[in-house]
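Listed in order, the protein sequences are those of chains D and U.
Mind the numbering: the first sequence is residues -14 to 437 in the numbering used here, read in order.
Mind the numbering: the second sequence is residues 5 to 515 in the numbering used here, read in order.
It is worth saying that the hints were derived from the structure and are not from the lab.
C-beta atoms are modelled at their ideal positions from N, C-alpha and C, and glycine is treated no differently.
It is possible that part of the hints are untrue.
Unchecked claim - If you want the footprint, here are the derived chain U segments under chain D, 3+ residues with CB under 8 angstroms:
1) 168 to 177
2) 501 to 514
To be verified - Straight-line C-alpha distance at most 35 angstroms; calculated DSBU-like pairs for lysine-lysine:
3) U:K237 with D:K88
4) D:K262 with U:K241
5) D:K213 with U:K414
6) U:K241 with D:K88
7) U:K414 with D:K88
8) U:K121 with D:K262
9) U:K414 with D:K94
10) U:K121 with D:K88
What the hints assert, rightly or not - With the Cβ distance kept under 7 angstroms, some of the chain D side facing chain U (calculated, not the full set):
11) G185
12) D186
13) S292
14) G294
So you can see what is in the structure, the chains are spelled out below.
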Amino acid sequence: MISRRQILQLACCGGGLAFSPLGRLGFRTLGAMNAYAQSTEDYRALVCVFLFGGNDGNNTIVPLDTASYDAYTQIRGSLALPSSSLLPVTAKTGARGFGFHSKLVNLQKLFTGGQAAVVANVGTLLQPLTRTQYLAGNAATPENLFSHSDQQLQWQTSYDAAGGTGWGGRAADKVSYMNAPSMFPTFLSVAGNAAIGQGGDTSPATVIPGAPLELTGFGFSAADNARKLALQQLLTLDTGAALVQQADTTMQNGLSDSSTLQKALSGASPLTTAFPKSTLGAQLQQIAQVIQVRNELGMKRQIFFCSLGGFDTHTDQLNTQDTLFAQLDPALAAFVSATQELGVENAVTTFTESDFARTLQPNTNGGTDHAWGSHHLVVGGAVAGGDVYGQFPEFALGGPNDAGSAGRWIPTIALDQYGATLASWFGVGSADLSYVFPNLPSFPGANVGFLS
Amino acid sequence: MKLRLCCLSLLLAGACPLLPAQSPSPMTPGAAARFLDQSTWGATPADVAHLQAIGPSAWLGEQFAASPSPIPDVAVDARTLDPVREAFFTNATGGHDQLRQRVAFALSEIWVVSNVKLRAPAIPPYLRLLAADAFGNYFALMNDVTLSPAMGHYLDMVDNDKPAAGQEANENYARELNQLFTIGTVMLNPDGTIMLDGTGQPIPTYDASVVQAFARAFTGWTYAPPPGAESHKHNLKNWNAPMVAVESNHDEGTKTLLNGQTLPANQSAEEDLHGALENIFNHPNVGPFVCQQLIQHLVSSNPSPAYVQRVAAVFDNNGSGVRGDLQAVIRAILLDTEARAGDPPATPAANEGHLREPVLYLTGLLRGLGAAVSAANNLPQYTAIEGQPLYAPPSVFNYFSPGYRIAGGKLLGPEFQIQSPSVAMVRADLANTLVYGGIAGVQVDEAPFIALAANPGALLDHLSALLFHGQMPGDMNATIATAMAAAPDATSKAQAALYLAASSSQYQVER
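Just chain D, with the same shape it has in the complex (with noise of 0.2 angstroms):
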């Protein structure tokens, strides 16, 4: 398979067809095909939230039947969070109840609703593990558990023989195809470099909400014009150095997938929903409006990562995690109104990564310490939703689920599997869910069953 800078380069020395008022007719014709098509349209996209920090996912989500909720309030104390502030909703599966967080108020009615659903204490594994086996060391387990910047790194790109790439950069390989003839990136993050996005064949794209899709400083003159070809020159001359052919590439990337994104964006009109003012609010509306323009894009399939951070809550956890989801919340909800308006809620599906949960014991300063499986959220049309998949774990110290004596959950759903559920509705082939989570096989099931 040959690589984008290929392709670039393949597309400057051929004539530059690519870019000759013929390709871009063409270019344009194709896209309107597509809207014309919208009812059969075949896109889908997945959008990672990543929540920097480690979210305690004990405080995201609480099962609210008497044995469990005890437990939790006995061994969380000052952090328990009380009943009555919880948001409850019932799980389609055995009917059991939960509670979300107070500020989650909107995924609260898009549980309700069936769009959105929790998959309980997924981490990191290299097999399925019990307590017995990762106490007496004689299983493989991740290295560097409750590590921010390791765990981090696992999260977003799995088991990793080769080195170098993400999951979400392996599913854009094996599913670039079907963006051809389009040469923007299948993955897109607004969030700066993301490990997860980084492919073998293909690289992300990067969009910095707000901030302009072109170079400043240039007009139309032949001076202008004479210095903007040698800046493109100066970016392809050899200089045998590894790390200068990195910015160079960079940079390369940068010039080309903005302009075609500047293109795209330019004959958009405004979504009418309103997204909040916060970072995340930012991030998601950029998002929404790259989708907004896919027909023009020519994409199929998108992967777009965002992120919030400050949730590594070793102290004051109560009020931090309040400030944080009421960010997430909101900016959430708008975004799902934003793919409604765009006619694709059941063609985008919004999951949550985060370093690792937290212990339930607290510590001495109303926080919590690094742990490991969590809770996550996954949103969308396609989802299967209104119910809690996998297993909760059980609230006791030294319990069965626990790797020590603190409540850090070991995961009984791997990364791996929550990422081949996504990648598989996704559109990654059952052949190729090897190449993107090679660790897959170790575990029994490929699909966690959350997405129709």
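Guided by the hints, dock chain U onto chain D, whose structure is given.
Frame of chain D, contents of chain U only:
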């Protein structure tokens, strides 16, 4: 010839007993400029001449003796750190303690605190601590940061209480002190490569129980009381004095630390803290772990294991039996044969160098182009939009990770973590603003460049000396000359050359 080469390397190692210091031929201007790009905020013609005159060993001695540039305080209720950020740029462009500033900044990206969580007045005393300790001993740095109220608040060691039943001690500082500031998560060989066990697996340096033991060792510290006032279990915030112990709030149990070493029961908070820091400081990982990162910040993202090992050996023993001597470490980093091998007229190896992070990119241009920077300036916003808001990284993991790999997964390129395709364009726009627009509080005198514009060869040679160690590649020179030829007048010719040189990848990657 052989003798001279031998003695040159001895001189570079700071110990040439046979000849007076100036006998070998002095550094070329290009070699001096390259040395200064690794040890200052960017080479200037004056510094190049001075370094040529006295040689690198004497220059290092001068720099070790230079007193720290002033870092202003902000008011107790200040809502912004901007005056401190603006002062960073006046110090970086005009301060004489260039090496101290570079090393202190590198340390601030290892021992990270952030204005994202800390209020503004907490930051200046912490920056002064790093500047003061930059040329001291690593153990003193560990001790001073551990007791600093800024770090205490940032990673929750302040008011970390003795755990009651049903609680654990707060692990935040205990974990990151080990993982990020001293030893890392896995055992290292003396050359910084990962040590493997008999089955080919990395060996963890600690487990969850060790982290909790350190957390308990660090209980019982609070802010210093105001002068003359009584101390309480939890004192009010005080950013200007080290934290103080509250023995009644210290966990007195036995703690089992790294390598199975224990702190006995019933020690005081001070005794436990000192013992815990000694336990870490003497771990064999500290030298390779810290030295590799310092090399990455100053010289190259991908030092050879042998280079790391040579510097780490100096960390372990400065030659006089002292462990952790940072002056000896910095000397070893900058004078190492691998650091100097690429000095002109030689060319750097293919994988040599590192991407200039936004701060270094901006200061390098300002100094190279001879910009005058006022006390009040708008410079801080230009690193922020490139993903490096000064003193406000997103987390304790800094703006970028020392382990970040560029596409392909083979080579490290920490600074590339924040150099997204979009940020690369922002960088070119910054070059545009600097050359064509102007930044408030910054004066770039373009007259000398305009005066040379009629002779593109002369202008490009001048730029090559200022920004490229005299090694601007020939094809780059020709490409810029073509753009200059299309520009209508001397000003636009000079500006085209400045813009293209400043925005080029060849400049952005310091080799």
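Quick rundown of the hints versus the structure:
1. 168 to 177: holds (count 8)
2. 501 to 514: holds (count 8)
3. U:K237 with D:K88: Distance ~34 angstroms between U:K237 and D:K88 Cα, so the pair holds.
4. D:K262 with U:K241: Holds, at about 32 angstroms.
5. D:K213 with U:K414: Status holds; Cα separation ~32 angstroms.
6. U:K241 with D:K88: Distance of about 30 angstroms is within 35 angstroms: holds.
7. U:K414 with D:K88: 44 angstroms, violated
8. U:K121 with D:K262: Holds, because 21 angstroms separates the two Cα atoms, which is no more than 35 angstroms.
9. U:K414 with D:K94: The hint is violated at about 47 angstroms.
10. U:K121 with D:K88: 22 angstroms, holds
11. G185: Violated. Min distance 9 angstroms.
12. D186: Cβ of D:D186 sits 11 angstroms from chain U, so the hint is violated.
13. S292: 9 angstroms, violated
14. G294: Since chain U brings a Cβ to about 5 angstroms from D:G294, closer than 7 angstroms, the hint holds.
The structure shown violates the earlier hints numbered 7, 9, 11, 12 and 13.
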